[in-house]
Each structure stands twice: as structure tokens, then as C-alpha cells.
Amino acid sequence: MEMPAAEATILNQREALITDLRSLLPADRIVIDQPSLRAYDRDALTAYRQLPLLVVLPDTVAEVSQILALCNRRNIKVVARGAGTSLSGGALPLEDGVLLSLGRFNKVLDIDYDNRCVTAQSGVTNLSISDAVADQNFYYAPDPSSQIACTIGGNVAENSGGVHCLKYGMTTNNILGLEMVLMDGTVIRLGGQHLDSEGYDLLGLLTGSEGLLGVITEVTVRILPRPEVARAVLLGFDNNEDAGQVVGNIIANGIIPAGLEMMDKFIIAASEDYCHAGYPLDVEALLIVELDGNPVEVDHLINQVVDIAKAGASTSVQVSNSEAERLRFWLGRKSAFPALGSLSPDYLCMDGTIPRSQLPDVLRRISALGVHHGLRVANVFHAGDGNLHPLIMYDSNIPGELEIAEAFGADILRLCVEVGGVLTGEHGIGVEKRDLMGVIFDQGDLNQQMRVKCAFDPEGRLNPGKVFPTLHRCAELGHMHVHNGELPFPELPRL
Amino acid sequence: MSEIFKPNTTEQLIDVIQWANAHESALAVQGSGSKIGIGRPVDAEGILDLSGFSGISQYEPNELVLTAGAGTPLADIETLLTEHRQMLAFEPPDYSGVFHDHLSEKQSSSSQKKGTLGGVLSGNISGPRRFYAGAARDHFLGFRAVSGRGDPFKSGGRVVKNVTGFDLSKLMAGSWGTLAACWEVTVKVLPMPEKTRTLLLFGLSDEDASRCIGSAAATPNSISGASYLPASLFTRSPQSSASSVFANNPQSSVIALRVEGPEPSVEHRINALRELLTTSKNYARPNHVEVLNSTDSRVFWNEIGNLHFLSSDFQASNTQQQACWRLSVPPAVGWQVAHNITEKVFKSNPKVSWFSDQAGGLIWLSCPVNSPAGAPTKNSEHSIRSAMEPWGGHATLWQVTGGDNAADHRRNTQVFQPQPKALAALTQRVKRSFDPNGVLNPGRMYTGL
Ligand SMILES: Cc1cc2nc3c(=O)[nH]c(=O)nc-3n(C[C@H](O)[C@H](O)[C@H](O)COP(=O)(O)OP(=O)(O)OC[C@H]3O[C@@H](n4cnc5c(N)ncnc54)[C@H](O)[C@@H]3O)c2cc1C
Chain Z
0 MEMPAAEATI
10 LNQREALITD
20 LRSLLPADRI
30 VIDQPSLRAY
40 DRDALTAYRQ
50 LPLLVVLPDT
60 VAEVSQILAL
70 CNRRNIKVVA
80 RGAGTSLSGG
90 ALPLEDGVLL
100 SLGRFNKVLD
110 IDYDNRCVTA
120 QSGVTNLSIS
130 DAVADQNFYY
140 APDPSSQIAC
150 TIGGNVAENS
160 GGVHCLKYGM
170 TTNNILGLEM
180 VLMDGTVIRL
190 GGQHLDSEGY
200 DLLGLLTGSE
210 GLLGVITEVT
220 VRILPRPEVA
230 RAVLLGFDNN
240 EDAGQVVGNI
250 IANGIIPAGL
260 EMMDKFIIAA
270 SEDYCHAGYP
280 LDVEALLIVE
290 LDGNPVEVDH
300 LINQVVDIAK
310 AGASTSVQVS
320 NSEAERLRFW
330 LGRKSAFPAL
340 GSLSPDYLCM
350 DGTIPRSQLP
360 DVLRRISALG
370 VHHGLRVANV
380 FHAGDGNLHP
390 LIMYDSNIPG
400 ELEIAEAFGA
410 DILRLCVEVG
420 GVLTGEHGIG
430 VEKRDLMGVI
440 FDQGDLNQQM
450 RVKCAFDPEG
460 RLNPGKVFPT
470 LHRCAELGHM
480 HVHNGELPFP
490 ELPRL
Chain P
0 MSEIFKPNTT
10 EQLIDVIQWA
20 NAHESALAVQ
30 GSGSKIGIGR
40 PVDAEGILDL
50 SGFSGISQYE
60 PNELVLTAGA
70 GTPLADIETL
80 LTEHRQMLAF
90 EPPDYSGVFH
100 DHLSEKQSSS
110 SQKKGTLGGV
120 LSGNISGPRR
130 FYAGAARDHF
140 LGFRAVSGRG
150 DPFKSGGRVV
160 KNVTGFDLSK
170 LMAGSWGTLA
180 ACWEVTVKVL
190 PMPEKTRTLL
200 LFGLSDEDAS
210 RCIGSAAATP
220 NSISGASYLP
230 ASLFTRSPQS
240 SASSVFANNP
250 QSSVIALRVE
260 GPEPSVEHRI
270 NALRELLTTS
280 KNYARPNHVE
290 VLNSTDSRVF
300 WNEIGNLHFL
310 SSDFQASNTQ
320 QQACWRLSVP
330 PAVGWQVAHN
340 ITEKVFKSNP
350 KVSWFSDQAG
360 GLIWLSCPVN
370 SPAGAPTKNS
380 EHSIRSAMEP
390 WGGHATLWQV
400 TGGDNAADHR
410 RNTQVFQPQP
420 KALAALTQRV
430 KRSFDPNGVL
440 NPGRMYTGL
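Same order as they appear, the protein sequences are chains Z and P.
Just so we're aligned: the first sequence equals residues 0 to 494 in numbering that gives the first Met the number 0.
Just so we're aligned: the second sequence equals residues 0 to 448 in numbering that gives the first Met the number 0.
With the rest of the complex left out, here is chain Z (with noise of 0.2 Å):
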């Protein structure tokens, strides 16, 4: 993956810049040492690494207006960062780019039961949202496995999903407000605590823009009363399609589980090695659907689940019967990457999003995928909303390996766009999938969402050579051909 040529008018500022910048911050909070460097030069995305220019830790948003501020005066590239678990490479430095982390951005600001609202700011963690307000019972339902790190910004930034999303929606449909900084330092608050802010759905664009057209430092979600219970039930297949049938059966009876989860045999024995779940090994597919609710209702959609399964050529059929027996269930799903992990000593882990009914033929599909790229994948996916996580299990030490995995990712992706999916469901484009978003979107697409990026960023500073192929200057994309201003259709319909 090709990242923007390093610009030598801005690596030539450098000093000027920190000389700029110690006029803001106190100098522990620029960060221009490269041994200190090297803990920011990548995110999740391992395979790619890139030491910033310098980081910047800001605790105000004073403080950040000022920073981007200055950047753009200087016309310098900026990457916000969160805990930089993208898995995308959304968070991954740039060579000429000043790594702008929102690390001290960590204090929950205000818990209102009464609105049922949290705003905290945008480098507090997942996690901790839900954990403040656990004592009354609340919690922050978007829920990614990552969330004892990643932070509220990064999933807004993200669009970020759980096991929960199912039932409960993604990072989008549980914000109620936010306030950002733009590029040339303007601060602009959206929302609050009410619902539907209004004018533009700003709110809604910003959510998954991938730090490309503003700078998020406050965010308020919503919270929900915890549900009483929930169980889970755990399906061993004797292949994927039944699994894919009774997935698809468990919707169409109206049922729309807490999470419906589903791994092949390849990760049941992986994680089974890793973690001991007890999960029966003589299945090619397993899912877990999970029930929340009141103890009424989930026993009584429990009934219907198992009642589904059995009619569905399910051949093993369990049933929480207590939270410990419900959380074994989920051990080895919740093991699955570290099972891996310890398997091969690096994998690609795939994000495409499918109609539910292509899962047998995709999936079919994918396996020999794997045999003409001669390498090992496994698939855990949010079976519920069609969303696959092929897990590519490569060696970056083999050359040329790594390049091997990313064309098989490529093609899964492709498959997935071909069958009526999309590039991603969570986990966003940031540079893994940027070359492939003309698979999907042709230029005219492409083209309207870049005019949207330069209403926001006109110089195109803000997280360069993320999500577009190559990003156009403003004033060209602004362009208009203006035409004779005839209507070459001339029978066209008039009333």
C-alpha cells in the first residue's frame, strides 16, 4: 500500500514548527524523540508502520483548535489518534504528519440519568462509559471487543459496531451529540441531549468519517438500562449451510437476538486448544445466539431458538443455564484472535459485509480462495448483520507473504461486493481497503464524497491517504461542465 509522497516543505518546517508548537504546549506534550516516537507508529494494522513527524497531546479543546490552527497555517498534515486500535490503518502515522493524540482526552464530563445520557470526552474508553454508570444499571450498548481500549472518539470516528449491534444498533445509532474541531481550528458543536439535531445530519456524517473531516473531542451517548438477563444457546452444524439456513430462520421468525454469532471448524479447534470452552469438536460450524431481556421473554424465544435449531438439522443444541455456563459459550468466540494468534504469527483479519443468504455460497468461496493463494484463513462473523471476519493467518517474515495475503483479502472483499456486500462493516476503510473502494463506488461516487471532505477540509490536511485512492484537489472536483442548456430530451415527461 502506496502511502502520499512525503512533502519536503513540510518536512523542512519541523523545527519551526516545534519552536511553533512549545508556544501552545509545555514540551512533555510534544513528543519529537524517536525512541518515544516508536510507540505511535502504527496501530492495529501491524503490517504497516510509519514514525510521525512528531505527536502533540493536548488537554483542552482550546488547545486543539490552536494546534490544527497552526497546522493549517503551515499546511501540514495532521492524523488524530484515539488508543489506535484500527484495525485499518485509520490511526497510522504519515512520514510529513503531526500525530495528534487524544490520550489526556480522558474525563466521563457529566453522567444525567434522568436524560439517560453520558458526555464524556473522546479519548475515554469504551469500556469506562459503561463502567461509570453500572452501579445504576445503565450501559453503552455498542460493544467492540476491543472496548477495554479503544477509545469513544475512535468509534464514533469508526462507526464502530459489537456483538450487540444486532439488536442494539452501531456507535451511530447511539449518539446524541458531539463537538469537533476543524482543520482551520473552528470548534462546532452538534446535538446534545436531545434527539434528531437538526439541520444537516452532521452528526450522522461525522460518525465513521475516519478522522478525515474533523477532530472529535466530546461525544454524548446514550445509555440503556441493562436487560435482566441473558442467556445463550450454542448450535454445532454438520455444515455451514445449515448454519446459514437456521441464521436466516431465526430472522425471518421475527427474532432478533442480542448477538448471533457463528465460527467454522477451523476456529472451534483453534480456540477449543486455546481456551478449553468445551465446544464439541465433531461440527463443522457452531453459532451461539445470545437472548436478552426480561428471564419471561428470553426463556420463552429460547424455546423458539432451540425449537428453530432442531427443525434446522442442528446437531448439537446447548442452553445456558447459569451467566458461567453463558460466558463459556462466549470464551472460545471472545479467544478466537489470540487463538490465532498462537497459531500463526500473523494474520489479516477481514471485515466484509454480506446479504445473510449468500453465507454458505460466500463462505464455500472463500475456502478456495484459500487453496489457490495456498494460505490458511478461519471465519468467526457477526452472522446476525452478515458481517465476516476472515482471518488470513500469514508470516510477515516469509517475503512476498504478506503481499499474498492482502490480494487474498482483496478477493474476499471483491466476492463480498459481488454477491451485494460491501468493503466493510466496522472495522473502515482507513488504507487496508483504500485501493479497493473502486470495486464498490465508481468515480462520481467517489468524487461527491470527496466535494463533501472539502467542505470540511478544503487543503485536504486532515488524514491524507486514508479511504480515498487518491484524494483531488478541491478546486478541481469543484468543477463544473456547463452544458448547452438545452434539454436533449425533449420528451421528456411534462405536466
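Calculated directly from the structure, the hints in this document are not laboratory data.
Please note: incorrect hints may appear among the correct ones.
[As the list claims (entries may be wrong)] Calculated pairs, EDC-like style, for lysine to aspartate or glutamate (alpha carbon to alpha carbon, straight line, at most 20 Å):
(1) K5(P) with E44(P)
(2) K5(P) with E59(P)
(3) K5(P) with D150(P)
(4) K309(Z) with D298(Z)
(5) K280(P) with D113(Z)
(6) K166(Z) with D142(Z)
(7) K194(P) with E77(P)
(8) K280(P) with D205(P)
(9) K153(P) with D183(Z)
(10) K153(P) with E417(Z)
(11) K166(Z) with E262(P)
(12) K166(Z) with E82(P)
(13) K194(P) with E44(P)
(14) K333(Z) with E283(Z)
(15) K187(P) with E82(P)
(16) K153(P) with D130(Z)
(17) K309(Z) with E283(Z)
(18) K346(P) with E193(P)
(19) K194(P) with D150(P)
(20) K420(P) with D183(Z)
(21) K194(P) with D441(Z)
(22) K309(Z) with E240(Z)
(23) K350(P) with D205(P)
(24) K153(P) with D434(Z)
(25) K264(Z) with E240(Z)
(26) K106(Z) with D130(Z)
(27) K333(Z) with D345(Z)
Got chain Z; can you put chain P with the ligand on it based on the hints?
What follows is chain P with the ligand alone, placed relative to chain Z:
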């Protein structure tokens, strides 16, 4: 008389918009025209009628998605979904029973009166289930459109979980046709609940009702409707036709809480709520409690969503101008906002009434368009907005009826909440990024946009 363009193909749609750019002509964009009365009036040379893009092109019940022409009547979509026991969970309302000033004979008698799918999405218009299941925007997965520049583009897709590129569906929802003309849209659909029950609690004060709704919403009973009709409303409001219980408790305030789902769960939750809410020491006991069944619940929640309880203020025969405001506020303070406006701004004028929805977070207000004598400005918009200020939120002038110059009143009012300067400038830049010459619905949302 403005010219009406009714394209049936994307090529024609592109041509019309490019023509408008070349001629510096503005186009008023509409689906069926059911929501013309919302927003500022558009001064345009042409009307761009999108009803030619009609028809459901793809519906897979098991995938919970539906793709249709933006001009497809909502009524058609709901009919098809109902056959499969599915629904648009954001519960698009039908205002045609309340505001009929602008509806032509043809519209008010046809399936068009509820509007089109594209129309309800472009206004991000949702019903009582919004706070539980999300707004129209939350169910809007993708679209194809022609921008104000005359360029075709698409965004999103046909799957629920998708972060591929900027989420332009969110921008389109609530842009009231000022950015692009959508011709095809994809929405998420959900299974219809098996059973519905509505718990009605009569006789609480406005403040107690707010506390009661707050404590209900803090329980894990998944309330999917929470509305409050104050006693003052019933001095003029028509009764609910859901149940005779309303007639038996005239002039009494009522809290309505809806619970949906599988039967055993619904019974369990309704009982839990009833027990909790009728024995709480945080507020007075309700003087009557009643539970509506599924059928009656459907009637009642339609009445809430469709603003039935304000309808007597907007009769076609009224010659006095009357305004309907939609106030989105933090839920716990909704009732205070309403009191501030009814008492402080309108000095308890009997022509002012309100009710709340969305667990208190949405106040629907009916009031005269002008401030009472002695107020600093004639137009009541400023007083309404400043009365809300302490709590934040936004006020939209949803509709003005009565008299011939209702549209003039909307033209002279900031129909949508005025934005702080920096946000207004950003909004303007976003608009220009789609529609640099301002050919689509100029002025519909803000003057000069
Ligand atoms: C083990 C593991 C499991 C994961 N599981 C899930 C999962 O289940 N679901 C899921 O959706 N994701 C998952 N992720 C991906 C990742 O955790 C999420 O994308 C997360 O939201 C990133 O948050 P962050 O704070 O680490 O952001 P970073 O990685 O620091 O940044 C991510 C992107 O957001 C931008 N950004 C960050 N903060 C801001 C800000 N304040 N303002 C503007 N832009 C900003 C960055 O520029 C970058 O483009 C997982 C990652 C790992 C490593």
C-alpha cells in the same frame, strides 16, 4: 405558473438538473407533495416531481431490507410489508388528517396523502417509536441520486452494517431535498411485534407525569412508545377513538406507555410497569389505570404520531392563523419547556396546547402565530426559542394553517432552528458541495441556502 418536470429515468433526471444549472433556474423537489407545508416555501421556476421513480424493486423479507423508487407511495410499501408481517420500524406518520390546507383534492383522496418513501426519508420524519427503534435516518441504508450539480452518485448499500465511505444517507435524511434528488432508496425493515399493549395512567400532574415516564424509561422493560397528554389538551382536543376509557376520563391527563414483543414478554413487562408505576412514592397515584390491547394500541399510537390530538386547531375552516411547532429537547425537561412557553410566552392563552412524545423529549405545540400583545416581537418564534434556551434542543415550525398567507408566515420565519455562525457556514459549504448553484429547493431550510 411553474413548469413541472416528471422524469422517469436517471438520464432525464440528470438532464433536468443540468438544465436548471445552465439556466440558473431553481427547482422545487417533491415526491407526492404531501409535505409541501413543512419548511420554508421554495421560490422556484420549476417543480421536479420524483413520483415517476415509483415501485418496489427488491424486497427480501429474510434480509430485512427493501429497495424502492424514492417516489413510491409509503402506503404501497406498508401494504407489502404488512403482508409479510414486517414494518418500517421508525413508524412514518401521516399528517394529512391534521394539515390539509395544501393538499389538492386528488392528493387527499388517494394513497399519495401519506407521502412517498423518499419524502419521509428526506425529512427524517419518524413516529412514536423513534426513541426506541431509531429515526428514519437510522433505517436508511443507501440510495442513488443526482446531485444539485447534475451528477449521478450513490452511497451506502443493501446491508445494515456498513462503514464503506462517508455515510451520505445520514446527510440526505433531513436535508429536505436541498442536496440531491434521490431516485432510489434502500431501507432496513423489521419484524412486526407479535403483541402490543399500552399502559394508560390517568390523572397525574405534568411534573409527576414526567417523573413517572422517566422511571419507566429507566427500567429494562423496553418501552417503545412514551407519550403524555396533559389535561389542558382536552379542552379542545378530539377524543381518542382507541377506547371508551378516554371518554370516561374526560379532562384528565394521560400517560401512555407502549410495550411490544412476544406475548409472554409483553404481559410480563406490562405487569411489571403497572406495579412499579402505581406504587411509586416519587409521584402521586394515578386516578385510573387501563391497558389497551394490540388493536386499540395501533389506533392510539397512530393518533399520537399523526398529531390527531391537535387536529381541532388546524381545521380547514379556521381563518385564524395557527402554528404547529415541533420542539426536540432533553426528555426530562420537556414538560418544563412546555410550561415556560404556555405560561410565560403565551400567558396561558387558551388557544395554546401541547402534548409530549418520545418519553418527554418531543413537544408538539399548537399556538397562534403571533406573540401576545406587548411582546417584543410580533412573530412568536423568538419567544418560543428563547423560552427553550436554558435546556438546549431545537424548535421547528412544523406547519402554519389558516388564512391565505400561511406560506408568507413561513417565509418570514426561521422555520428551522437558526444555527450558530460557524455551523451555518459549514452547512452552507456542505450544501455547495452538492449543489453549488443552489438549484434544488433553495430556501426550503434556511434563507440563502
Ligand atoms: C482486538 C481488536 C478487536 C476489535 N474488535 C472490534 C469490534 O468488535 N468491532 C469494531 O467495530 N471494531 C473492533 N476493533 C477495531 C477498533 O477497536 C475500532 O475501530 C475502534 O473504534 C478504534 O478506536 P481507537 O480509539 O483505537 O481509534 P484509533 O485506532 O486511534 O483511530 C481510528 C480512526 O479514528 C480516527 N480517530 C480516532 N480518534 C479520533 C478523534 N477523536 N477525532 C477524529 N478522529 C479520530 C483516527 O484518525 C483513525 O482514522 C477491534 C480492534 C482490535 C485490535
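Status of the hints after comparison with the structure:
no.	hint	result
1	K5(P) with E44(P)	holds (14 Å)
2	K5(P) with E59(P)	violated (29 Å)
3	K5(P) with D150(P)	holds (18 Å)
4	K309(Z) with D298(Z)	holds (17 Å)
5	K280(P) with D113(Z)	holds (17 Å)
6	K166(Z) with D142(Z)	holds (12 Å)
7	K194(P) with E77(P)	holds (18 Å)
8	K280(P) with D205(P)	holds (16 Å)
9	K153(P) with D183(Z)	violated (29 Å)
10	K153(P) with E417(Z)	holds (16 Å)
11	K166(Z) with E262(P)	holds (19 Å)
12	K166(Z) with E82(P)	violated (23 Å)
13	K194(P) with E44(P)	violated (50 Å)
14	K333(Z) with E283(Z)	holds (19 Å)
15	K187(P) with E82(P)	holds (16 Å)
16	K153(P) with D130(Z)	violated (40 Å)
17	K309(Z) with E283(Z)	holds (16 Å)
18	K346(P) with E193(P)	violated (46 Å)
19	K194(P) with D150(P)	violated (46 Å)
20	K420(P) with D183(Z)	holds (15 Å)
21	K194(P) with D441(Z)	violated (45 Å)
22	K309(Z) with E240(Z)	holds (15 Å)
23	K350(P) with D205(P)	holds (19 Å)
24	K153(P) with D434(Z)	holds (18 Å)
25	K264(Z) with E240(Z)	holds (13 Å)
26	K106(Z) with D130(Z)	holds (13 Å)
27	K333(Z) with D345(Z)	holds (18 Å)
The structure does not agree with the numbered hints 2, 9, 12, 13, 16, 18, 19, 21 stated previously, though it agrees with the rest.
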